[in-house]
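Use the sequences and the hints to build the structure in full.
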Amino acid sequence: MEIEARAARLRAAARCGETDGSAAWREVLALRRDAALRALDAARAGTPLARASGHLRSPAVARRRREAAFVGVLSPSPQHIGHELARLDAAGR
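Under UniProt numbering, think of the first position of the sequence shown as 1, with each following residue one higher.
Just so you know, the hints here were simulated from the structure itself, not pulled from any lab data. Each residue gets a CB set at the ideal place from its N, CA and C atoms; glycine is no exception. Please note: incorrect hints may appear among the correct ones.
What the hints assert, rightly or not - The calculated label-pair distances, taken between Cβ atoms and stated as ranges, are: (1) Cys16 <-> Gly72: 15 to 21 Å; (2) Glu67 <-> Ala8: 39 to 45 Å; (3) Ala14 <-> Pro59: 37 to 43 Å; (4) Ala12 <-> Asp89: 20 to 26 Å; (5) His83 <-> Pro59: 24 to 30 Å.
Below you can see the structure in the form of structure tokens.
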């Protein structure tokens, strides 16, 4: 819920024209990183629950696991976003 609330606040601020360009961009990057990490955590948490029998019984279980794990390697990855946030912080933006 926290990610959804942050995204809703950011969308509302953008509609009203109440966003500072660099601060809004930093929030977008942080939101994308946090959402990707949450998806990866959920995928990792679901794997032990499905066990091998879940993967054998239903190809959908394996497919969902692969799709969720793919979030970590998409460009920009959570690590790339973290580096960009660190760069913005170092620049004082």
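Problem - In rising order, the numbers of the hints this structure does not comply with - result: 1, 2, 5
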